[in-house]
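Trainee: Listed below, chain by chain, are the residues.
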Amino acid sequence: MGHNITLVLGGARSGKSRFAEKLVVESGKPRAYLATSQAFDPEMQARIEQHQADRGEGWSTWEEPVDIVKILQEVSNEDNIILLDCLTLWITNLMMAERDITAEFKRLVDALPTLPGEIILVSNEVGQGIVPENAMARAFRDHAGRLHQDIAGAAQTVYFVTAGIAQKLK
Amino acid sequence: MGHNITLVLGGARSGKSRFAEKLVVESGKPRAYLATSQAFDPEMQARIEQHQADRGEGWSTWEEPVDIVKILQEVSNEDNIILLDCLTLWITNLMMAERDITAEFKRLVDALPTLPGEIILVSNEVGQGIVPENAMARAFRDHAGRLHQDIAGAAQTVYFVTAGIAQKLK
Amino acid sequence: MGHNITLVLGGARSGKSRFAEKLVVESGKPRAYLATSQAFDPEMQARIEQHQADRGEGWSTWEEPVDIVKILQEVSNEDNIILLDCLTLWITNLMMAERDITAEFKRLVDALPTLPGEIILVSNEVGQGIVPENAMARAFRDHAGRLHQDIAGAAQTVYFVTAGIAQKLK
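Chains as they are written, first to last, in numbering that gives the first Met the number 0: chain A, 0 to 169; chain B, 0 to 169; chain C, 0 to 169.
Isolated chain A (complex conformation):
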């Protein structure tokens, strides 16, 4: 069965990526990893390498900061499972590339149910703190909230991870 979509949300260092990786490994399917991260600085480079080490062997890996729909459509097949980590970095990349955010979100949400294989999307909850003073941070926060609602609406399953513990929201 195709179009099995799962969203894994959680705060920073909540264990959301580890939980999502566990779901993927437990599926027993051939697994692909699509990273939206780019190593702009040593801090980010160290995070990426730590994540790779945590994930272990057995993954085919793609890195794409912006055109993730294109990669998803190329990589997804009836047998495999894709882990996309993470949506919030993708939003940042779209903003930096000055893409049309609404159009890109629609493109992703429309594409998800048409993928032949399973997909798990990871994203950061960023909307439960104080309103940021910075206008770009406010815009980012709004985009993230809207995308989470759209993806959660399209998903069969939604988890929220806190302190390494996953709650099933849907």
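Rather than coming from a laboratory, the hints here were simulated on the basis of the structure. Just so you know, even glycine gets a beta-carbon here, dropped at the ideal spot from N, CA and C. Mixed in with the good hints there might be a few duds.
[Unchecked claim] Partial list, derived from the structure: chain C residues whose beta carbon lies under 10 Å from chain B:
no.	residue
1	Gly10
2	Phe139
3	Gly163
[What the hints assert, rightly or not] Okay, the calculated beta carbon distance ranges per label pair:
no.	chain 1	residue 1	chain 2	residue 2	range
4	A	Ile47	C	Lys169	24 to 32 Å
5	B	Pro64	C	Ile47	32 to 40 Å
6	B	Glu42	A	Lys21	34 to 42 Å
7	C	Gln51	A	Met95	33 to 41 Å
8	A	Lys69	C	Gln51	55 to 63 Å
9	B	Ala134	A	Pro29	52 to 60 Å
10	A	Glu77	B	Ala52	40 to 48 Å
11	C	Asp109	A	Arg46	38 to 46 Å
12	B	Asp141	A	Gly57	43 to 51 Å
13	A	Lys21	C	Asn76	35 to 43 Å
14	B	Ser59	A	Pro29	53 to 61 Å
Please build the complex by placing chains B and C on the supplied structure of chain A, with the hints as guidance.
Mentor: This is chains B and C only, laid out in the frame that chain A set:
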């Protein structure tokens, strides 16, 4: 039956207002909307207009940044349901107007169970990020947390909305 | 039975300390309070005094900003229950004292199951807002998330408190 109080909490762009509006519409009662927002700038004006368009027809609407208890007492009746959106903006307005926050909170919490009709209050969760460097933001965050506890204590029902999905906390 | 470990997480002004204190009082055991807070300024001093007043009588109290494992090992016994409030302030204190964060976390997580008595640990969820611009705040947030995962893994019971309402996560 009077004094039916519901609190809907959620982060920014979590879908909390839409969920609360759905609750109101599903009640089938005459519905009133009490907005605490004021259009200080084009960004806020655009948000208000978007919210109004999302809500659709069939609402009587009040706008009151500070003296919400007075409006609630005037508008509430045994047949209707009031949607108050949102408490966090009300707190900001109280702070800007240099009102006695503790007294205003007590006035609201005392008034809620005496209203003849149903009320749904919407508010932003703002306390789950990093401690703000700005002292006024810290004070705001503390006020919001205290008010949420007080309202949740007075409410029969409390929801927390994440990515458009409501969890019933109480 | 020893090593009964409970973690109580929640945002700022969520009612997490009050909920943890209620758990302690309901245990009926002799109760000890270990505060990690230090009164650096009048705002903090006022918070500490308010917390003490809220807690009421019947507690033996310790204050230790950094070497909490030493105090836990001295104070814990087969009969009593310790309330440690809070871990996030402890992390701040470790950072200010330039301690080895990873080593200190390991020391605590290793010590918890060896304590003869019961312990309830309180901590702030700080990872669900926007990424902080300040690098030290980002480091703090990462430390907090990692520690919460570690403590939650070692705990028998984990609660998340929102608006004074506790959800049992584990």
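Trainee: That 24 to 32 Å hint for A:Ile47 and C:Lys169 (C-beta), does it hold up?
Mentor: Holds: the Cβ-Cβ distance is about 30 Å, inside 24 to 32 Å.
Trainee: Okay, B:Ala134 versus A:Pro29 on CB: inside 52 to 60 Å?
Mentor: For A:Pro29 against B:Ala134, whose Cβ atoms are near 54 Å apart, the range 52 to 60 Å holds.
Trainee: Quick check on a hinted range of 55 to 63 Å for A:Lys69 and C:Gln51, using CB atoms only.
Mentor: 59 Å Cβ-Cβ, so the 55 to 63 Å window holds.
Trainee: Does C:Gly10 pass the interface check with chain B, least Cβ-Cβ distance below 10 Å?
Mentor: Holds, because the Cβ-Cβ distance from C:Gly10 to chain B comes to roughly 3 Å (cut-off 10 Å).
Trainee: Under the criterion of a CB-CB separation shorter than 10 Å, is C:Phe139 in contact with chain B as hinted?
Mentor: 7 Å, holds
Trainee: That 43 to 51 Å hint for B:Asp141 and A:Gly57 (C-beta), does it hold up?
Mentor: Holds, since B:Asp141 and A:Gly57 (Cβ atoms, about 48 Å apart) stay within the stated range.
Trainee: Tell me if the interface restraint on C:Gly163 is satisfied: Cβ within less than 10 Å of some Cβ in chain B.
Mentor: 4 Å, holds
Trainee: Take the C-beta atom of C:Asp109 and the C-beta atom of A:Arg46, compute their distance, and say whether it sits inside 38 to 46 Å.
Mentor: Violated - the Cβ-Cβ distance for C:Asp109 and A:Arg46, about 26 Å, lies outside 38 to 46 Å.
Trainee: Should the hint that B:Pro64 and C:Ile47 are 32 to 40 Å apart at their CB atoms be regarded as holding?
Mentor: 34 Å, holds
Trainee: Between B:Ser59 and A:Pro29, does the beta-carbon spacing fit 53 to 61 Å?
Mentor: 58 Å, holds
Trainee: Do A:Glu77 and B:Ala52 keep their Cβ atoms within the hinted range of 40 to 48 Å?
Mentor: Cβ of A:Glu77 to Cβ of B:Ala52: about 41 Å, so the range 40 to 48 Å holds.
Trainee: Should the hint that B:Glu42 and A:Lys21 are 34 to 42 Å apart at their CB atoms be regarded as holding?
Mentor: Once the Cβ atoms are compared, 41 Å apart, the range 34 to 42 Å for A:Lys21 and B:Glu42 holds.
Checked against the numbered hints above, the structure violates hints 7, 11; every other hint is satisfied.
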